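Keeping the supplied structure of chain A fixed, place chain B upon it in accordance with the hints.
Protein chains: 2
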Amino acid sequence: MKQITGRELKEASAEQLKQYSAELREEIFRTVSVCGGHLSSNLGTVELTVALHRVFDFPHDKLIFDVGHQCYTHKLLSGRAELFHTLRKRGGLSGFPKRSESEYDCYDTGHAGTALSAALGFAKARDLKGEDYNVIALVGDGSFNNGLVYEALNSVGILKSRVLIVLNDNGMSISPTVGGMHEMLAEMKDGAPSGGKEVFEHFGLTYRGPVNGNSFEELLPALEEAKELLRKGSVLLHVVTKKGQGYSFCESAPTETHGVTLSGERKEYDRALGEELCLLAKSHSDVVAVTAAMTDNLGLRPFFDNFPDRAFDVGICEEHASVLCASMAAAGLKPYYAIYSTFLERAFDEIIHDVCAQNLPVTLCIDRAGATGADGETHQGVFDLSFLSFIPNLTVAIPGSIGEFRAMLRLSADFRAPLAIRYPREGEEGAIPKVEIGKYDVLHSTTSDIVFLAAGERCLSLAEEVRAEALRDGIDFTVVNARFLRPLDEELLLSLPQKSIFTLEDNALVGGLGDAVARFYRERGVEKQLRCFGYEDKFLPHGEPRELMEDFGLDPAAILRAVKECHARG
Amino acid sequence: MKQITGRELKEASAEQLKQYSAELREEIFRTVSVCGGHLSSNLGTVELTVALHRVFDFPHDKLIFDVGHQCYTHKLLSGRAELFHTLRKRGGLSGFPKRSESEYDCYDTGHAGTALSAALGFAKARDLKGEDYNVIALVGDGSFNNGLVYEALNSVGILKSRVLIVLNDNGMSISPTVGGMHEMLAEMKDGAPSGGKEVFEHFGLTYRGPVNGNSFEELLPALEEAKELLRKGSVLLHVVTKKGQGYSFCESAPTETHGVTLSGERKEYDRALGEELCLLAKSHSDVVAVTAAMTDNLGLRPFFDNFPDRAFDVGICEEHASVLCASMAAAGLKPYYAIYSTFLERAFDEIIHDVCAQNLPVTLCIDRAGATGADGETHQGVFDLSFLSFIPNLTVAIPGSIGEFRAMLRLSADFRAPLAIRYPREGEEGAIPKVEIGKYDVLHSTTSDIVFLAAGERCLSLAEEVRAEALRDGIDFTVVNARFLRPLDEELLLSLPQKSIFTLEDNALVGGLGDAVARFYRERGVEKQLRCFGYEDKFLPHGEPRELMEDFGLDPAAILRAVKECHARG
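As they're listed, the protein sequences go chains A and B. Its first residue numbered 951, the first sequence is counted upward by one per residue in our numbering. Its first residue numbered 951, the second sequence is counted upward by one per residue in our numbering.
Chain A extracted, bound-state conformation (with noise of 0.2 angstroms):
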């Protein structure tokens, strides 16, 4: 679409900013559409947000999104409309604020809760530095259950700072939201007394609203009075939004069209999940399924629909759901935690001190694992075989394929100690083969000086794709499906003749696999030429998972290279 400029939606008419609105609402769903990315909450923001360019100065004026997947109509209106159609493809748009993109996007963001906290951080920076802008924080009613934002609430007094906190209430946080927060909210959007209001002010904010937030007649004077107000002291404007405004398959399907997924991609692992928790909680009553806000997006929904008293979804609060499956594990239940690889750094601490250092029965069921893909940097799941690589009493499996991660699942119900199943979204379904806890499977053995231990799914594709190649030279090399990070397979590792080991996994090179065998060879005094591959040591933006593989250190090419190297030199 073409750009419109701030000097044209600040001398716009209330008409043409409904015009304008139509235009860029067509131009998401549009985009959306081909691109894939966030679609409702867009459509619910578009006047949100056109009424705060115009009623703001931006870039001068600072917003921070929480979250940040709604900020396509703040891209389109901050010089971006001619890049719109690269949203979210490699090199392209960002489908999150990036503050390397423009200077429009002053704060990354990704993971919930964190805008609050910024824009105090911004505020307090501002006063210290004498400048003088107004610093606004837009957040959603999701992630107003999150702990974070009430430890930013917390400190709204003590910084002693002004923000204007836009709090946009859809009541949804992908899945409804849910809780106390929520009920109160509601009530407030009633108008029925609630003490919210009051409890607000004792946390520093003056409260306005609720308004239309669809609509200027509404919007505009109240963000008028809020940066008036705002002159003052912080001020919470309580904006009710329509979750998919404006398409009527979207407004009633919000959480269907909350991420909207390009057709062809497979998407499997969240329904084994589903089916496979349905089939454990039928012959085991300790089962119970735990997750934070993303019920359909893990495969949950059927456990849900099919055991509701023993199915929690406690909102956008990863580390009270990890204390919760720790405390119900030691109360005598079986507890299943998915969630995305990403979002279990904030449940790190938790993992550690309540799971792990009690030894609880808990499993993680870690769905996004590896390169993600299309959301960037703040959505890839590279970490998690680094940072449970050293929690004493955690097992780390990593299925080879759907078949074996139902395998894994069986497994885990008798199982008494913490166990973290990491796999991506797609794959394949394969086989359900008998998997045991620490073992490896032997996929091709060969008389060949090479091993390639390779972990998961993506991995030994890859594994499949580089000896296709190099069996074209007459190479070819063993290769083991490393179902295990922790304990890894000391007898077969002890056991394999082979002097060159390969490892492959679909995560930071740092702290993964290929450290833990090369370590335990070193232990062992096992003299071993270990090659390496996993992601280098960045941050990976978006693009599609297979371009960040090949980009970041998982190129079939230069693993060929090397096999054809290590062959050369016998």
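Hints listed in this document are in silico derivations from the structure and should not be mistaken for laboratory results. Predicted, not measured: the structure shown is a model, and the values here were computed from it. Be careful, since some hints might not be right.
Remember, identical chains collapse to one label, so a pair may be satisfied in a single copy or spanning two.
Straight line, CA to CA, 30 angstroms or less: simulated DSS-like cross-link-like pairs of lysine-lysine [stated by the list, open to error]: (1) Lys960 to Lys1079; (2) Lys1139 to Lys1177; (3) Lys1147 to Lys1232; (4) Lys1110 to Lys1147; (5) Lys1110 to Lys1232.
Chain B alone, transformed into the frame defined by chain A:
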């Protein structure tokens, strides 16, 4: 002291309860004077704990302590009086709740904010298993600032279970409690209309209180009422206690008497931090300091006194503090975030997502790194090198003395990227050397074929100790002060003529310096014999740091044996 039994407690007269409390208080005071530990918090909760044991039926009912440092009276009342003199000593009673120690300890704690989540987990498990017991979370007002508590509060309604939260409000969280929640609780204490009661009700809690938590006359009926209310739903009982109660010097100096360390212990890295940050702040107007309720323990008092506008204690909010630092850096300030190693685990996601992904110049001053001693599993700082090792953009420094720490801080002022400096509590001052990023210091150069790469003051001392022993057998080796984990001193590593490399680190062996050095040589195709010393793959219990080092992998005798073997082989 003599063991007070549950029956005695339940049958005691009001006068006897006071007498028991006086005895318990005296026993706590006497033991902490000898063993060290948490004093004022335990003195403040004697009556509250006695009353809980009187009204409830432990271990059938479940009592979960937040943080857990205030559990001494509970230990004395649950069959451990005769062992109490072993408090915090190797092999003795832990200073925190431990399931492994007693069935009265149903859930291990150590970090703030977990108790309510854990209570909800127990309560839900009880419901699902058709059991019948009461679950009580005892939470301090300091923890009430923590996001995890809020996430759990938000879940009370979701989980539809019944728990009793006893809010122990003493106005302290090591440092005085701060922030909006504190303000609200203060008004509730004063009986002013605050909205707080209504808000807690939205969260599914019946609010009762405040009651004087040092008075049985108020406590016993309040707990009886809460127990009755608990049959219908969840209850928040607001109890006001006086930290240090009964010892006037503790009452008047609760921060100073929060943790008692034994005389003779050195404590100097924190002092250096305070001094250096004050110097930096004078010359650099952009320098600010942030802490999560640990001003004094981290040595920041002089900075807070001299630069109150640039010093921020945000309460027990490690995550928020990280985002605050990242955003202040994005807005042009130079933040120093001082934190204990173990508590940095709470901010792991934000260090990746906010600080390092944006490559912002935040300096992490990581105190209490390595084995920390008497507080046990939940307070050891032995994972930080592992969990910082794989984060792109991050520089990780390990000073070899307090003087070096000063040099690193001075260097940091103009360093424009994320920097972590990790150090133990105690050390030697030493000279202030010239330090360059990624450059090691060769302390002893020999023609021996063995080189020690030792990281940090303790490991340098250990290397010297082993060397002194080895020299008696005519064996010498080179000692290198490995000041950085990231980046390694690649030039030095490549130039080392020695074939045998020993790495020593006060950190878990998995994912630390040894693995990094091994990876470097592997990637460069350099053949070396590495022997790595650090903590084995276990949680370190309580004990003196030196004892833990010897017991878990940094044993001078074992290292000396390895040196001799290596030397013998030539």
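Exercise. Hint by hint, which ones does this structure get wrong, listed from lowest number up?
Worked result: 3
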